[in-house]
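Listed below, chain by chain, are the residues.
Number of protein chains: 4
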Amino acid sequence: MLMETCPTHVGVSMYDMAIRLGHNQYGKAETHLVRIMRDTPRHEIVDLNVTTSLRGDFAAAHTAGDQTKVLPTDTQKNTAYVWAKKHSPDPMEAYGLSLARHFLTYEPVAQARIEIERFAWSRATVDGEPHDHTFVRTGPEVRTAAITSDTEASHVIQGLKDLTLLKSTGSAFKDFLVDQYTTLKPTDDRVMATSLVARWRITDPGDGLDWNAVYDRVKRILVARFATVESLALQQTLFEMGSAVLEEFPEIAEIRLSAPNKHHFDVDFSSFDEDNRGEVFHADDRPYGLIQVTVERDDVASAPDAWVASAGLA
Amino acid sequence: MLMETCPTHVGVSMYDMAIRLGHNQYGKAETHLVRIMRDTPRHEIVDLNVTTSLRGDFAAAHTAGDQTKVLPTDTQKNTAYVWAKKHSPDPMEAYGLSLARHFLTYEPVAQARIEIERFAWSRATVDGEPHDHTFVRTGPEVRTAAITSDTEASHVIQGLKDLTLLKSTGSAFKDFLVDQYTTLKPTDDRVMATSLVARWRITDPGDGLDWNAVYDRVKRILVARFATVESLALQQTLFEMGSAVLEEFPEIAEIRLSAPNKHHFDVDFSSFDEDNRGEVFHADDRPYGLIQVTVERDDVASAPDAWVASAGLA
Amino acid sequence: MLMETCPTHVGVSMYDMAIRLGHNQYGKAETHLVRIMRDTPRHEIVDLNVTTSLRGDFAAAHTAGDQTKVLPTDTQKNTAYVWAKKHSPDPMEAYGLSLARHFLTYEPVAQARIEIERFAWSRATVDGEPHDHTFVRTGPEVRTAAITSDTEASHVIQGLKDLTLLKSTGSAFKDFLVDQYTTLKPTDDRVMATSLVARWRITDPGDGLDWNAVYDRVKRILVARFATVESLALQQTLFEMGSAVLEEFPEIAEIRLSAPNKHHFDVDFSSFDEDNRGEVFHADDRPYGLIQVTVERDDVASAPDAWVASAGLA
Amino acid sequence: MLMETCPTHVGVSMYDMAIRLGHNQYGKAETHLVRIMRDTPRHEIVDLNVTTSLRGDFAAAHTAGDQTKVLPTDTQKNTAYVWAKKHSPDPMEAYGLSLARHFLTYEPVAQARIEIERFAWSRATVDGEPHDHTFVRTGPEVRTAAITSDTEASHVIQGLKDLTLLKSTGSAFKDFLVDQYTTLKPTDDRVMATSLVARWRITDPGDGLDWNAVYDRVKRILVARFATVESLALQQTLFEMGSAVLEEFPEIAEIRLSAPNKHHFDVDFSSFDEDNRGEVFHADDRPYGLIQVTVERDDVASAPDAWVASAGLA
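Chains as they are written, first to last, in the working numbering: chain Z, 1 to 314; chain B, 1 to 314; chain W, 1 to 314; chain U, 1 to 314.
You may find that some hints are simply not true.
Stated by the list, open to error - Derived DSSO-like pairs: lysine-lysine, alpha-carbon spacing no greater than 30 Å straight-line:
hint : chain 1 : residue 1 : chain 2 : residue 2
1    : B       : K262      : W       : K174
2    : B       : K185      : B       : K262
3    : B       : K161      : Z       : K86
4    : W       : K185      : W       : K219
5    : Z       : K161      : B       : K185
6    : B       : K262      : U       : K262
7    : W       : K161      : B       : K161
Unchecked claim - Which stretches of chain B does chain Z cover? Using the computed rule of at least three CB atoms under 8 Å from a CB of chain Z, they are:
hint : region
8    : 27-36
9    : 208-214
10   : 291-298
Note that these hints are calculated values from the structure, not bench results.
Glycine included, each C-beta is placed from N, C-alpha and C at the ideal position.
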C-alpha cells in the first residue's frame, strides 16, 4: 500500500508540472504504557513503548485540511491503553496484531503499523526469594516488535536492540584491501564489541506461535554464535549469527543485523615502563564502523512494506 | 543495486531451504571533522559529521571472511579527512559527491553512500564587529545531505533536522473522526509546534547549482509557510510547505517532511482563581503525534535507493 | 539552613550509634511550561523548564511517613503554572523570586529553591518581516537561573549553559609539567573549543535590576573575551573571562565557569600526499579536559547555600 | 583544601574591589578504559569510565598562564591507562585510591579526586555454560566510586546510579497538605517507581575492606527495603533504605539517596467500556518529583570535600 503513490493531483505549479501527495503516514509515537497484572498477589509487569501509524487514503486531510476520516493520534493513544486491558499485552506481538486489526476497521486505513519496545524487568530479591510486587529493570537490551497489517496479510518483525556484546579474543582483521589512505595495521587478535540491533521477520505468524520462546531462543543463538565464531571480520560473524537463526527457525524468513563496530583501541604504552599486550583499551565513541547484513531464505517472498518504519519516510 | 539480492547461495539448511546473503552495506559512521580555512586572517569553519557506506559485491567477506576486496572503515575515515583538504568541504554536497565517486573506483563497490551533517557556526561579535577566528555554535537545526552514487548516476538529498517551530495561534484541529475511544476536544485555536525534519531530492545535481543558496531558500520557504498557512491539521500544513518548495524549485523532484506534533496542552486552571485562555501550556515530551508527508512531482522518476540510509537496513 | 543537620535522632542501631536524618530536600523537577502573551496580535513566548525544591523541617515525613506538612510536588507544579499567569514570567528571575517567596509561606519551609532554564525563540521571518505569532528555536545555549530564598535573604544566580565557542587560532599550550607519562607535544597554535557553563551570583537583587540586560551583556563579555585573550591555557582564558564580567558589574559577587576542553586533534597526514597545517581536525567526544574556575570579589560574603542544586545532594 | 580560597589577589577593578581567583579544579573527564585480564584462557573484563581532577595552588596557570606546575589532562589520561595495568582495576576503589595518591606526589596538588563508573558485564552463555572470553553488558545500573585524597586522609564514596525499581502495590500517598493549588487526589495504592542514585561514604577505607562484597550487599539491602517498606511516601521509603544500610555497616558514615519519583499515572478509563483498577498506567517523563535524603551517623565527622564532584563547581 505504501508503495503506491496516491493518485490525487493537487495542483499545477507555474512550471507546469503536477505536484502531488506521495507516501504519507501518521500516528502516535511512544505511548509509554505499563500494564500490571494483579489478579493474584504475585503481580506481573509489562512495560511497553507503543507507536502506532496509519497508512491509507488520507489525501483530503493533506490537500483540503479535511479531518472527517482522520482518527486522531490522541484516540490512537487511548486505544493502545484500552487494548492493554481488553487484550493481554503479553506476548506483545499478539497485542500488536490485535491493535493493528482494530485500526484496519476504519475506512481510509489500508495499512496499520504497530511498533513496540518492551523494557525488561526482573523480580526483586528479598531474603533470597523473588518478591511478589517489586521489580528491577534489567537491560540494557530492549525487545522490539513491528507489526504491519493490511486486509490481506500481517507481517511481524521481532527483534532486539542495544544488546551489547564483547569478545576479548577470537577476532582478527587482516588481509584487507590496502590503498594510499590505509594506515590501519592488520591484527590477529583484537577486541570485538558491538551494540547489536537484530530484527527477524516471521512468516505466517499464526496463533500457535510461542512468541516469547522464539525471542528467547533467537537471542541465545545470536549471543552464542557471536561467542563461538572465530571472527575474520564483523561481516562474517554477523552472517554466521543470522544463518544460525534461520537454520533453527523455518518460520523466520529473513533476519537483519545492524552492528556498530565499537572500537576498542590498544593504548600505546611504548613510551611507558609497562607493556600492553591486549590488556588496556580505549573504548572510543565516534567514529564507529557500521555493518549491516541481511540473511534470508531464497524461497520466501520479500516484504518491503514490513520494513517501513513509522518514522521511515524521512 | 541495493534492491537486487546478492545471488550467492551460501548453504543449505537442514530444512532444505537455501539461506543466502541479502542486502548489506558497511562503512564508517560519524567521522566528526572540522575544517578550518586559514589562508587569510579571516578564517572559515566547516564542521561536518560524515558517514560513508559502501554497497556492492562483498559476499566473500560475509561468507568466507575474505577481506581482500574490503576497503576498511578506518581507511574510509582517513579518506574523508583527506578529502576535506584536497577538495573544499563547502558546499558539502560537492564534497560528498567527490568522495562518493572516489569510493566507486574500488572494484566491488557498486554504490557509495555519503551522509553528512553540518553544524552551523556564526562569527563571534567583539566590539560590534564579527571576529576573524572565533565562532559561536548556532542551532539547534542541523543541515544534512545524503549522496548516493553508482556508475550511472548520483542522487543528492539535501535537508535539515531539528528545526523547531511554534505558532501560538492560527492552528485548529476539529471535525475529526470520533469513535468510542475519542476523548480529545475539538479546538479552533491551539499551539502548533514541531521539530522538523525535511529532506528534498535534487535532480540533475550539476556543477552549476548553488547548494548553499538552495538550502537557505528552502529553509526560508518552509518557515514562512509554516507561519502563514491557517492550519486545519499538521498534515495540511506540511503538504503546503512541501508544495511551496516544489513550486519554486523545478530542480527538486520530491520533498519529505517528518514532523512530530510536539503537544502543548492547555493547563487546566478551572480549580484555581485564575483563568487560562491559551496562555499557559504544558509542553509534553511523550507520546507525540508523528506526521510524515511526501510531496512530489508526477513527471519525475522515483529513486528508492536515494532514500536508503547508511543505517537503513535495520 | 541546608548546612545545619536536622537534630531528630531517629533510632539507635545495634552498634549503638545513633542514625539520623541529614540534609534533605524535595520538589518537582522539570515542569516544562510555555507562556504565551497574547494581549495584542503580536504574541510573545516564554519557554521555561522550572524545578522547585523545598528545604526545612520535613523530618516527620521521613521518619514517620507523616505528610501533614508536606506540600506535594504535584501542587508545586500547579503553582509554577499558576504563577506564570499571575506574574510575568519575564524576566524569569523575578518570576522565580516571587515563586520562592510563596513557598516560604508554608510552615515547615525554611528555604525554597527555584531553578529555571529558558529556551530561546526568535520570531520567524516572513517576506523579510518578523512574524506576529510564529517562532523559531535558537540555541544551543540555554539561559539559566537559580533562586534560593529563606526568610532573611534571597540569592540569585544567573547563568547560561551549552554556549559552544571555538577559536581557530590564538591559543597555545606549552611549557607544561612533563613526567614519565607525558606524550602530549607542546603547541603554539591549536583550536580551542568549549561548551561553556557560566553562572554568576548577583548580590542585592533589588527590583531595579534589568535582568535581561545583565544577561545579554554578560554573555557578550564572555564571548568577546574568549575571542580576544591570547590563550596560554583554558584556565587563563576562563579567569580573564570571569574577571572581565566582575570588572563591569559591581552587582556580581562571583562567577563560576565550567568548561570542557573539547579537543580538536590535528589529523595526522604524514602518510598521505597532502599536508595538514591546522586545517583538518578530528573533533573528539571523550575523554575531554574539564576546567572549572571561580572568580570572585574579596569583599563579599560567600553564599554556599546559593550553590546547592535541587539535585545537589547526590 | 577546596574550601579555602586562593589568597592571590590578581587585580583591582575600576570599582576598587579586589577580584581574585576562587575555588578551582581541573582534570580529564571520562577516560573510558577497558581492562582485559588474560593470564588464563578464562578472561576477565573491567570496564571503567574514569574522571580525574586536581585541586591545589594552580593560581599561576590562571592569572599568568604559567603551566610549569600543571600536569596536563592528557598526562592524567595516560596515567589512568597505565595504572590499570600496574595495579589491578578491580576493585576499582583500590585502583582509584592508588591513582589519587600518585597525583598527590606532584607539588601543587593538594587534593586529588578520582571518579569512576563501572559498567557491568556478565559472561555469555554458550550451550548452558559461561563462556571464557565473551561478555554481555548488563544494567542499566552503574556502579560508581568517588575518591578524594589529600596528604592527611582519603575519602571513598561508593555508589550506584540508574538502579530502576518499581513496586506495583504497597505504596500510598495521602493526608498531605492541601492548599488552593492542590488537585492531586490522595491514594492508598499507587505504583511507586524510581531510578535510584545512592552514594555511601566509607570511613577508614583500610586495605582489609572487601569493596565488591560491600557493594553487592548494600545494593541488595536497598532493593529489599524498597520492596518491603509499606510506603507512605518516597521520603519515608528512602529514609528506611538508608537506615537499613547504616545499621548493617558500621563502616558507612552516611548515605545519600536521590530518587526521581517516576510517575505512573492511572489512565482514565471512565469514558470507555473497560475499567482500570490500577492495571494500565501512563509512564510519564516530565515533570517528576525529586526526593533527596541523607541518612548519617551522629558520631562521625562530616566530610564536605568528599562530596564536591569533579564537575561540581558549576
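So, going through the hints one by one against the coordinates:
no. : hint            : result
1   : B:K262 x W:K174 : violated (49 Å)
2   : B:K185 x B:K262 : holds (17 Å)
3   : B:K161 x Z:K86  : violated (39 Å)
4   : W:K185 x W:K219 : violated (33 Å)
5   : Z:K161 x B:K185 : violated (37 Å)
6   : B:K262 x U:K262 : holds (21 Å)
7   : W:K161 x B:K161 : holds (22 Å)
8   : 27-36           : holds (count 6)
9   : 208-214         : violated (count 0)
10  : 291-298         : holds (count 8)
In the structure shown, a violation is registered for the earlier hints numbered 1, 3, 4, 5, 9, in ascending order.
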